Amino acid sequence: MPEEKSAIEICDVTKLFGDAFKALDGVSLSIRKNEFFTLLGPSGCGKTTLLRLIAGFEYPTAGTIQLHGKDIATLPPYQRPINTVFQNYALFPHMTASQNIGFGLEMLGRPKAEIAARVDEMLRLVRMEGLRHRRTTELSGGQQQRVALARALAPTPKVLLLDEPLSALDYKLRKEMQIELKRLQLETGITFIFVTHDQEEALTMSDRIAVLSGGRVLQVGNPREIYDCPGDRFVADFIGEANFLSGEIIVATKDRAQVRLASGADILARLPDTAPQQGKVTIIVRPEHAEVHADGRPSPLSGTLESIVYFGTDTHLHVRLAHGDRFVVRRQNSPLQDAALVAGATVGVAFDLAAAQILRN
Amino acid sequence: MPEEKSAIEICDVTKLFGDAFKALDGVSLSIRKNEFFTLLGPSGCGKTTLLRLIAGFEYPTAGTIQLHGKDIATLPPYQRPINTVFQNYALFPHMTASQNIGFGLEMLGRPKAEIAARVDEMLRLVRMEGLRHRRTTELSGGQQQRVALARALAPTPKVLLLDEPLSALDYKLRKEMQIELKRLQLETGITFIFVTHDQEEALTMSDRIAVLSGGRVLQVGNPREIYDCPGDRFVADFIGEANFLSGEIIVATKDRAQVRLASGADILARLPDTAPQQGKVTIIVRPEHAEVHADGRPSPLSGTLESIVYFGTDTHLHVRLAHGDRFVVRRQNSPLQDAALVAGATVGVAFDLAAAQILRN
Amino acid sequence: EGVLNIFNWGNYTSPELIKKFEEKYNVKVTITDFDSNDTALAKTRQGGNDFDIVVPTSTFVKIWIDEGLLLETRPDQMENFKNVDPRWVNVDFDPGRHYTVPWQWGTTGMLVNTSVYSGDPNTSAIFLDPPAELQGKLSVLPEMGDILTLAIYYEGGTDACTSDKNILRKVRDRLVAARPKWLSLDYPSLEKYTAGDFDAGVNWGGASMRVRLENPHFVYGYPKEGYPIWMDNVAVLKTAPNVENAKLFQNFVMDPENAALISAYARYANGIAGSEKFMPEEMKNAPEIVVPAEFLDKGRFTPACPPEVNEMYTKIWTEVLK
Amino acid sequence: MANAAEIATAAARADVRNRWWLAAPALAIVLLAAIGPLVVVVLYSFMVKGDYGDVKYWQFSLDGWFSVIFERDVFDDTLKLADAHLTILWRSVKLSVITTLVTLLLGFPVAYFIATCDRRWRDFWLFMITLPFWTNLLIRTFAIQEVFRNEGVLNSALLWLGAIKRPLQIMFTDLGILLGMAYVYLPLMVLPLYASLERFDFRFAEAAADLYASNFKVLRRIIIPMVRPGIIAGSILVFIPSLGAYVTPRLLGGGRSLMLGNLIELQFGQGRNWPLGSALSITLTGGVMLALLVYVRAASKSGSGHHG
Amino acid sequence: MARRYSVRRQRGFTSIALLCFALLYLPIATMVVFAFNAGTTVGALEGVSLRWFATAWNNDRVIEATIRSLTVAPIAALVATVAATMAALATTRTASYRGLAFKVAFINQPLMVPEIVTAVALLVVFSRIKVWTGYTGIGYLIAAHIAFCIPFAFLPIRARLETMDLSLERAAADLYATPWMVFRRVTFPLLWPAILAGFMLAFVVSLDDVVITEFIKSAGQETLPTYMLGQLRRTVTPEMNAISTMFLALSIAVVTLFFFLSRKKD
Ligand SMILES: Nc1ncnc2c1ncn2[C@@H]1O[C@H](COP(=O)(O)OP(=O)(O)OP(=O)(O)O)[C@@H](O)[C@H]1O
Ligand SMILES: Nc1ncnc2c1ncn2[C@@H]1O[C@H](COP(=O)(O)OP(=O)(O)OP(=O)(O)O)[C@@H](O)[C@H]1O
Ligand SMILES: NCCCCN
Ligand SMILES: [Mg+2]
Ligand SMILES: [Mg+2]
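One line per chain: the protein sequences are A, B, C, D and E, in this order.
If you're matching positions, the first sequence starts at 1 in our numbering and goes up one per residue.
If you're matching positions, the second sequence starts at 1 in our numbering and goes up one per residue.
If you're matching positions, the third sequence starts at 1 in our numbering and goes up one per residue.
If you're matching positions, the fourth sequence starts at 1 in our numbering and goes up one per residue.
If you're matching positions, the fifth sequence starts at 1 in our numbering and goes up one per residue.
Zero decoy hints are in this set.
Calculated cross-link-like contacts (lysine-lysine; reagent style BS3-like; alpha-carbon spacing at most 25 Å):
{"hint": "1", "chain 1": "C", "residue 1": "K28", "chain 2": "C", "residue 2": "K238"}
{"hint": "2", "chain 1": "D", "residue 1": "K94", "chain 2": "C", "residue 2": "K181"}
{"hint": "3", "chain 1": "C", "residue 1": "K224", "chain 2": "C", "residue 2": "K137"}
{"hint": "4", "chain 1": "B", "residue 1": "K22", "chain 2": "A", "residue 2": "K172"}
{"hint": "5", "chain 1": "C", "residue 1": "K62", "chain 2": "D", "residue 2": "K56"}
{"hint": "6", "chain 1": "D", "residue 1": "K80", "chain 2": "C", "residue 2": "K322"}
{"hint": "7", "chain 1": "C", "residue 1": "K322", "chain 2": "D", "residue 2": "K94"}
{"hint": "8", "chain 1": "C", "residue 1": "K322", "chain 2": "C", "residue 2": "K165"}
{"hint": "9", "chain 1": "C", "residue 1": "K165", "chain 2": "C", "residue 2": "K224"}
A short list of chain D residues far from chain B (calculated; beta carbon distances all over 12 Å):
{"hint": "10", "residue": "R17"}
{"hint": "11", "residue": "P25"}
{"hint": "12", "residue": "G36"}
{"hint": "13", "residue": "M47"}
{"hint": "14", "residue": "G50"}
{"hint": "15", "residue": "F60"}
{"hint": "16", "residue": "I69"}
{"hint": "17", "residue": "D83"}
{"hint": "18", "residue": "A84"}
{"hint": "19", "residue": "R91"}
{"hint": "20", "residue": "D118"}
{"hint": "21", "residue": "M128"}
{"hint": "22", "residue": "D174"}
{"hint": "23", "residue": "L175"}
None of these hints come from the bench; they were simulated from the model.
The structure displayed is predicted, hence computed values, not measured ones.
Note that CB positions come from ideal geometry on N, CA and C, so glycine has one too.
Here chain A stands alone, though its shape is the one from the complex:
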C-alpha cells in the first residue's frame, strides 16, 4: 500500500445538511503528498463542503478522513497542519493586511523578526507591498483575495486548501499567481487542494483533477485524461466544449469502432475499454479537433454555417448539421481569414479518427 505517500485519504465520506440534503455522497479520494490536486464541478456540487471537512470545520455524517495516515476526525482545526484560502476570504476586519498575514505565524509562536520577514515576503509575492497598513475593509476585492492567499501561505502548512483563490484577480495577475503557486508547490512540498472554475487554470496547474457533481466523484485523473478521455458525458460536457454525436456501433475492434451516425454517414472513433462494445453510443468531438471547409469536399458531416463568434484568440463556428444537431468548430484566429466562411454558407465538417471518442453511457 502506498499509505505513506498519501497526504489526505478520504474514505466514503457523506455529509448531510439537515435531515435530507446530501451535500456529499460517498466521496472517496486519495490525495498524494505534494500533489496539486484540483476539485472541479458545477456550482453547488460540494467542493467547499469537502474542503471544510478536511479543514475540520464540519464533521462527516459518515466516512473518515486521514491525514498522513492518521485519522484526523477528532483533531480540532487549529491542530491540523492545514491552511485554507476561504471562498469569501474571511479576513479579520480589525487587523491590517500585514497583521492578517502574520496571524498564523504569530499563533505558532514564531519570533517577531521571522514573522516580519515572512510577511514582507508574502506581501511581495502577492504584489501588495504598498498596502500593508491598510485595513482589510479598505481594500478592493482582488486585493482582499490576495491577502487571504498570503495569509494561508505564510505559515507554510503541510496541506493548503484553496477555494477559488484567484477568482477575483485580473488575467495577468492570475497568471503570475498561478506561476507563483506552482513554484511554491514544487519548492516547498506543500500538498495543494485547489478549487477553481477556471478550466485552463485547472488543466495547466493540476497534477490530478477530480470532477464532482451532486456530491459524487465522477472521475479522477490527470488533466490530459480528463480532457481527452472523459469518462462520461457529464465530464466531457463540463470540461471544455464538446460536440456530441449519437450513432450505433457497426463494427468494433479492440480500440476503435465504426459508427453509423444519425445522418447515415459512417465514421471511425476511438473505443475505450469502459465504453460499450455495441449498440447505441455517443461520440464526443472537441471543437478544436474539427475543421470546417466551404470548398465542397465530401465529408461525413455537413450543414449550414449559422454564426461566427469572435473570441480574441479564436473564432467559434456554429454549424447546424443537416439532420438538425449543432456542431461547433473552434479555429484559431490568424490574420488571414477564410473569405468563403460567411454565415449561411454550406460547409462540411471534418475530423480525424483520433478526435472522436465513444463515451461510457
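Put chains B, C, D and E with the ligands on the given structure of chain A with help from the hints.
Same frame as chain A, but now just chains B, C, D and E with the ligands:
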C-alpha cells in the same frame, strides 16, 4: 450632439480616499443607451469605485455624472433606476433566496402576484428553482452569486451594474449566464456596465470596453479595437498574451513601416496614426498570430524552443530568441502533432505583416 | 475600647452624639441604616448580623421582645434612668422599661397651608373628606398603619387594631372615596410644600415644623378624632457582640444633654426630662413638637396589630390603592 | 480508526464540555446567589405566614397561592377573584409595555447615532449615555421632579418661550411616570441596541437602497430585522425591571396606585404576608420565564442560520 | 449643493439622539446647580455657595459609603461581565441542543425575580451562612451584586454574538489559533463594544442597587444608595446633590484620563 443617446455620462471624475489616495483620476466615459459596456483593468484599479459612484453610494471628489442627460449627484441610490450586482453579493442574510430576489419589486410597490411571477422567472433564469426557500447563508458561493444576479435583474432597471457577476460560476454555467445576459440586454434595452476579469467574457459580450489602470482610463473601444489595435503597451499586455519586440523605424509609409529589430532582422509592421513615425518603437505580435517551424526555413526571428505547455484546447510554445528575448507562440491542438517540435529544438518564428503592430510609446 | 454597631433609621443619628460617645468611651461606632420596621425586624430575626443596638418603633417593640430578639438590659436600673420623663416609663410596649430607652417620639397629624384653606386643621377630615380648596393638592404618607389608624379614629373607632367590621367597612369606603382627591401618596419633601405642589397633607410633626419655618402659613393640626403617637426606642439585641458598650450607649442617651443632641439633629422630641434647655431655640416651644395641652389626650400609641387584623388591613389597603 | 458516529459523538462531547465549562461560572453564581434563594422563596410560598412577617417553618399551607387568585372578602367572607391583584397586574403590564415602546422609540435613534458616528467618538458617547446613571436613582428622580414640576425647569422654559400659557401638569400624572420610567430605563435599551448596531454592515443597507428602498425602508426591512437580537435584549432589560419598578412610579406618579412591585413589597413589609408575597413573585417570575423560554426556542430555530 | 445622500442617515435620528442627550442631562444639570445652593432646599435657589460640598466632605459616613460603592460596583461589574461573556459564548458558539433555552432563561433568572424577593431570599440564605461561618464581610454584598448584574451583561453580549457569524473564528482556528487565542485575538476585539456596553450596564445597575443591598448589608456596610434611602423620609438637602456632583466630577475625571491614555496608544 448625441446627448440623448448616452445613458451615463461620466465627466472628469476624480475620487480620493483619505487625503491622498486617488482611486479614480479624471475619468471621463460616455456609455450609450442599451450598450454592453465593460470595465477592464487590474485588481485595485478603481472599477468597483466607479460603479459605486454611478450607483450613488459615494460622491466624486471632483467631476460630474449624468444619467440620461441629467446630473444625478443629488439623487439618492433608491431613486436611481440602477441596480447593482455587488462584488461581494451583499445578500440579505435574514431572507430566503426568493425574498432577496423579490425585494426590489416589493420596494417599488408591485403587486404580490406580479412579484411572485417575476421571482419565479428569475429563479429559472439562474437555475435556482429548487433552492428558493433556502436562507442565503445556506447556499454555496456560486448559488449566492446567482441570487445576487437575479436580485439585480428582477426590477428590470434602466442601467445594470455588474461587478464580476459570474466569477464564482463554473465554466458551463457561466457560458449559459453570458448568453442569458446578452439576450436580456438585446431584449430589454437595459444598459449594462460590466466588470469582469475574464477576458474572453469581456471580448465576446461587450459592445465596448474601457481599460482602466491606476484610476485612469487608458483606452475605450470595441473588443476588436482593443484586442487588435491596443493603444499602448499596457493595454496590449493586459488583454490577451502579447510578444513585444523592440526596434527602430527605418522607413515609414502612411500605415506601415519597416522596422529593424534588435536581432538585426527587418520586418514590416502596421503603423497606426497614434504611433510614432520614426525612432525607437515597440512592436506587438499576438502569440496566436505567429507560427513556429522547425524545418530550417529562413525567418526573421529564430531561437530555441524552451518549453511546450499543454492547455487543453491549445499548446503554448515558448521560444528563447537568439538575442535573448522570449517569444510565445500559441498553437491550436489537433490530434496530429508536429513530432519535430520538441523542447530544445532550434526553430524559426514567423508572422505576417498584419500581425505586427507598432505601439504608441 | 471596642466597637459598637448601631442599626437605626436613616439620617436619624446625630453625628455629634456619636462623636461624643466615641470620645468618651473610646469606642468605634458604626451606624447602619434601615428604612422600615419590617426590614429591620426581618433582618435581625434572620440573624448573622453584628448589630448591637437597634431602634424599633413603639408599634414593633413588643414583637421584638416577644420574639426574644432583645436583651433584657434593665435600663430602669441604669444611672441615667432618673432622667426619663415619667410619662414614658410605664409604656405598655415595655412596662417599666426593662428593655428599651426612649430615643425620640412624635405624632402624625395634618399639615395645612392656611392661606389656601382657613378652616380647622385639627381634623382628619383634611384628608379623609377634603374641603374643595385642598382637593388635588394633598399629600398622604404611604404608611398603612398610620393612615388606617387615623381613618378608624375618624370613623369613631377607638382601637387602632379594631376588628369591628362595621367600622372597617366605613374606613374602607371612606378611603376609597378620598383617594382620588389626593395628589400624592409618598414621603413628603419640604420643598413640595413650600413650592406649592402640596397645600395640605398627613405628615409627621418634626417634618411639619421645618415646613412652617420656611413658610409660616403652614400649621400643624392634631386631629380631634384621634391621632397616633409613636416612639422610637433604643434596645440591645440578644445577639449583640458588644453588650457592655451597648449598655453604655443606652445609659448615654438618657443624659439630657445627649438627648438634646438627638432632637436637635432629627427634629423630634425625646423622652428625657430636662433636655429642653439644651435644645435649639425654635424647637423649645414648637407646637408640632410640644403637643399643646388641649390635644394631648387625643394622641394614642398604636400597638402592633394582631396578624388577623393586619391581614384585613392589608386587604383594605390593597383595595384602596389598586 | 474511528467511525463517523464516534467522530460525531467525540465532536459533540467537546461541544458539550465547552458549553458547560464556559457557562459554569455564570451558572454557579446564579445558582448560589439567585436560584438557591429562589428555592427558599418557593418553599416560603407553601408555608404558613408568620404573625409578624416571615413564615412558620415547616408548617405547610396553600394559602399564599390561594390568595394570589382568590380572596375572601373582608366583610362578608365570600370567596371571589382577587380583582385588586388583577387590576394591579394589568396596570403594571400596561405601563411596562408602554415604557418599553417609548424607550425603544427613543433609544433606537440614540444607539444608532452612537453606532454610526466616528469610531473614535463611540466610546465617548456610550459613556455619556451611562454617566447620568452614575448618580443615584433617588437623586436622579428628585432631579427629574425639579425638571417636571409646575415651577420646574421645563415649564419655566416653555412659559418663557411662550409655547404654553400655563404650566403643564406632568408630576403626579401617568405622563410623569412614563417620562420618568423612560428616563430611568433608557440606557438599558440603548446599550444592547448599540452593541448590536455597532457591528451592522452597511453594505446590506447599500444593497437595499440600490433596490429602491428609501432610508426608512432600509431601516424597517434590513437594519431592524438584522439587529433583532439587540432589540429583544433591550426590550427584556427594560420590560422586566419596569414590571417590578416602584421607586419611580411612587416619586413621579405620586404613588397613589400600587404597581406590581409595590404590591409584592407590601406583602414582605407592612402586609407581613411572606407566603403571598412569595407566591405573587413566583407567578411573575414564572410568567416572564415562560415568555423568555418561548422566545429563545423560537429564535434559535429561526436564527440558527446566522451562525453558519 | 443639496445635502448629500448617505445610507447611514436616518431622518430625525440625530435630532432625537441629541434631544435625548439634552433631556438626560437636564435633570443632572439641575442637580448640579442645586448643589451650589446657599439655601437648605433643592427647590429654591437662594444664592451660590460651597457649603454643602463642605458638609458632604466632612460627612465621614458619606465618604465611606461612596468608597464602598466604588469598590463593590466595579468588582461586581467586572466579574459579572467576565462570567456573562463566557456564558454568552457557551450559549451561542454551540450546536443548538435541548436545554439551551432553559440555560439562557436560567442565567437571566436574577432579572426576572422582583428585587424585593431576591433581597428577602438572599437575606434568609446569607444570614444562615453568616451564622455558620461567622464571616460577615463585604463578600456577600459583592456576590449578590455579581448575581443580579449577570443578566445585564449577558443579554447585550449574547445579542451581538448571535448576529456575529463564525467564519472569522473558523479562519483563526484554521491559522493555528487555540480556542483561547481565537477568543483573545478575534472574538474579543469584535465583541468589545458589546462587552463594554454590558460592563457599563452592570456597573450602573450595581451602583444603583438599593433594595438588595439594604437587606443583606451587615453592620457598617452602607453603600451610597442605601445611605441616601435613609434620607428619603426626611427632607433632602443639597448635601445629596453635592455628593452626587462630586461623584460625577470624579467619574468624569477618571474616565477622561482613561480616554486620553487609551487614545495615546492608538
Ligand atoms: N474605503 C477605502 N479607503 C481607502 N482606499 C480604498 C477604499 N476602498 C477602495 N480603496 C482603494 O481604491 C482602489 C480602487 O479600489 P476598487 O475597489 O475600485 O478596485 P477594483 O478595480 O474594483 O479592484 P478589484 O478588481 O480588485 O475588485 C484600490 O487600490 C483600493 O485599495
Ligand atoms: N449550511 C448549509 N445548509 C444547507 N445546505 C447547504 C449549507 N451549506 C451548503 N449547502 C448546500 O450544499 C451544497 C454544496 O455546497 P458547497 O458550498 O460545497 O458548494 P460548492 O461546490 O462550493 O459550490 P460553489 O462553486 O457554488 O461555491 C449546495 O447545494 C449548497 O446549497
Ligand atoms: N418611626 C418614624 C420615624 C420617622 C423618622 N423620620
Ligand atoms: Mg464553494
Ligand atoms: Mg472590485
